[in-house]
Structure formats: C-alpha cells, structure tokens
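Asks: Next come the chains, spelled out residue by residue.
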Amino acid sequence: MVQMKSKKTHKLYNLPEHKGRQGNLQLLRVLSTPEYLKIDFGYYATGYYKRGGWVKMDKDTVVRDTKKGKEYKLIDTVNIPIAPAELDFNTSHDWLYFSLIFAPIASTTKVIDVIESDPGEPTDFNLYAIELSNPILIKK
Amino acid sequence: MGTTKEAYLRYKIIDACIINKYKPYPNMDELIDAVEDKIGKAFSVSAIQKDIKSMKEDEQLGFLAPIKYSRSRQGYYYADPDYAIRNIPINELDIEALLAATDLLSTFNGNRVSINFGHAVDKIIASSKEVYDTSLDKRAIIQTESSPNQRGWEHFDILFQAAKENDPVCFVHYSYQKRRFNSIVIHPYLLKEFQNRWYLIGYSENHKAVRTFGLDRVYEPYLLASKFYLKPSFDAEKHFKNVYGVYPLSKKEEKIIFRITPSLSDYLISQPIHDSQKVEKYHPRGSLTLSVQLIVSQELINFFQMRRDDLEVFEPKWLVDKLYGTNEK
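Same order as they appear, the protein sequences are chains A and B. Quick note, the first sequence lines up with residues 332 to 471 if you use my numbering. Quick note, the second sequence lines up with residues 686 to 1014 if you use my numbering.
These are calculated hints, taken from the structure and not from any lab test. The beta carbon of each residue, even a glycine, is placed where N, CA and C say it ideally should be. Fair warning: there could be bad hints in the mix.
Claimed, not checked - Keeping only pairs whose Cα atoms sit at most 35 Å apart, straight-line, the calculated DSBU-like set for lysine-lysine is:
#1 A:369 / B:735
#2 A:369 / B:863
#3 B:877 / A:441
#4 A:342 / B:926
#5 B:741 / A:369
What the hints assert, rightly or not - Stretch-level coverage of chain A by chain B, calculated; a stretch enters the list once three of its residues show a Cβ under 8 Å from a Cβ in chain B:
#6 341-350
#7 394-400
#8 446-452
#9 455-469
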C-alpha cells in the first residue's frame, strides 16, 4: 500500500498535557510526521550555577508508547548536543530553544513518554504521559 | 498627474483590439465594448477618444502610437504594422526609478520580498533593453538604519506570507520579562516596524485577543491548515493610530502634557512624537510645553524616561507618578 505523504499526515500537538520534569524545562510542541517525531522544548538556565550550568542529551534517549511500551530511538537533535558534548551557558539568565527528533511513531499512538534515563535523576529530561490529542494540521 | 492603473488597462485593451489580426480595423463602438467588457463599467466615446489621443501624443506616457483611422474600412489601425504597446521599451527615467526603488527595498537586508522585486526589475529591464547602463559608480545612495543579524528576521517571509494568504501560524515565543516560553497559535494580521524592530500583530488563540509579538522572540513558525480568523473589529490603522510604539498599556486615549528644554525643542518640533503633538506654551528662553493625545504605551514611557534631563511630564497624574515615583504609600 502506498503511504500518502500529504500535509494531512503532519500533526502538531501544541502545549500537550504531561507529567514529569517541569520547572526550567518546558515541553512546547510535538510534531508527528510519517518520517519523524519532533519534540520542541524550551529551557532556561537558573541561578543554581553561577554561569547557568550546561545542557546535553543522552544518545540513548527514547520516546516510549506509554501503553504499549514500544520505544522509538533518538535520531537527531537541534540546538542541543549529544553527550559527552555539552552546551555551556554564559550566564544564569540564558535560555535555549531546542528540539529532539525521534523515529516516527505509529499513527495510533496517543500517549508517549520521553525518557532520557530510566529510572533517571531529577536533572534528566524525563517526561511522562504526554497526551497526543487535538492535533493541528500543518501546511508545510 | 500620473497615469492610473485603469488608464493603462484601457490602453492595453485598445492596443489588443487594433493589433487583432482576426478582427482588424475596430471601430469606436467595438473599442468601447471591449473596454467596458473588461473593466466592467461604462465609457463614453469622448473618453476612448481621449485615450487614443494620449496613446498617440502624450510624450510622458511614451507610447507615441501611430494610430490612424481608415475611412474605407471605418476603423482604427496602426500605420506601422509591427507596432504594439507591449513592444515599447521602458526609458532611462523608468529604469532609474525602478533601480532607486530596488535600492530602497534592499535595505530590508535580503528579505525575499526585496530579492524577488530586484529579480523582477532585472527581468523587466533586460527584456526591454539589450544593454542597460548599470553604472560604474556602485556607491549606495540610500541607506537606512538596519540591525545586522537581527534575531527573528529569518521568519519575516513566512509571517508575511501567512498574513497575506490568511494562514494561521504556530510559533514558539520567549518572553524576556517573564523568562518563559510559550507556544502560540496566531492568526497574523500585520507586520509592523518600530524603531528598527519588527513585530507581528494578530489574533492569539492562547490569549483570545489581538496581541503583539516581537520577531526577535519568535522561534520556528509553522503554517497551519486551520481556518483563518479575522477579528471583525480589528483595523490596523485604527489600532496604532494613537499609539507611540506597539505595546499600548490601556485602551484609553489621554492628553499628555510635558515640558521640554530648548535643546530638545528643536528636535521634537522638526520630528513630532505624534500627529497630535501641539505646542501648548512657548516659554521665554526656548523651552516648550507640548501636548499629545495618545494611548500611553511602554515605548512612550521609555521615551520619556530616556530624556529625563530634558523633559518633564505634568499630566496625567498617574503617568507622572509612574515616571517619577511620586505615589504616596
């Protein structure tokens, strides 16, 4: 069966409900396409470190279908390095918009987790029960 | 007086009738019918006769068309059978004007609108002249202030397109003040420049209101396939008519009275803050009391604060308290 790669398959989930890590890590959008799953985040440095600290992503970060347990691998990142490389902030006032790109998920997937490390530390980017509901279709 | 767009359209229609090989020598009735058919309104014989006269004689128009009337055929024709308006080359003045407009538009620093305009101009000029003098002197004649590498500028084209095509957009926005991100779904209405910064104004679904977002705080916009919402009461002209800047702090227009020193008076007289600026009083040594009728905005407050040494606001009282911290607690 030929899969139609029309714009109707590019679904955007805006500010999806979720559990897990909050605070200075913000889950902003999830974009699901037949080719990949892209998750957009905002992160802002805090005063915990004098110069705002650093960020990096574990290469084994996955998206997991919450109900079925199937995992989807991280295939790329935008604006955030993969460990051991790290991005050092200059000040505690800095902020970062970044994206994680995973293998495409099944179109029937309704709830996902993002797991950087299981069970994980408080500083890991673990988010649970991300609701993929009320999609908005994007034009391009 | 310049030639209107409609007039050019009439000339083209008359030209098309005269050069039509399948129906040569069109008479006046046929010319009128053709023009009325295309434009959708009535024209008199004298109006079309004037058009023919302009096409023949108006040097500024530049056609100098060899239109003649044939008594035997009872219709119009071109004395030169190879003549047609579309073959008229643009003249040097036209080229200078086009190039000057391109220069001005290019101050938008490589924005696609200006790039496309530049290409269109090159095509027009190249198709009308084999060679045109691009001038050995390449120095810039017009220069406007523009910030190099302005963050968010890369989104100008997509947002312009979205506003033009009535497409909602979803983008990530970072608030400098709140130090938080948000993901906004907006129906874009207007791109506005103020003091060399660009802003997008549109109906925000998140806020259920018309809101302003600085392009420097916008990340990764997506065009959406949703229905566009145009708020019926939104009027771009009216929205900013009595605002200095882009962030009004209220909806109420007020009379703001302030006094300025002689050193500032020359500048504000030569470039008023707003059309409503009036001199309320001339003081003997050159200082002035001015008034403006405006909705107070963040930018206006910044304007007053930056000029504290040369400017003092007297009314309204709440603004005085805000600027000079004179609230009694």
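Asks: Each hint needs a verdict: does it hold in this structure or not?
Replies: Going through the hints against the structure:
1. A:369 / B:735: Violated. Residue 369 of chain A to residue 735 of chain B sits at ~64 Å, over the 35 Å cutoff.
2. A:369 / B:863: holds (26 Å)
3. B:877 / A:441: Not OK: residue 877 of chain B and residue 441 of chain A at ~40 Å, beyond 35 Å, violated.
4. A:342 / B:926: violated (39 Å)
5. B:741 / A:369: It is violated: about 64 Å lies between the C-alpha atoms, which goes past 35 Å.
6. 341-350: Result for this restraint: holds, n = 3.
7. 394-400: The restraint on the region 394-400 of chain A is violated, since only 0 of its residues have a Cβ under 8 Å from chain B and three are required.
8. 446-452: violated (count 0)
9. 455-469: Per the Cβ count (3), the hint holds.
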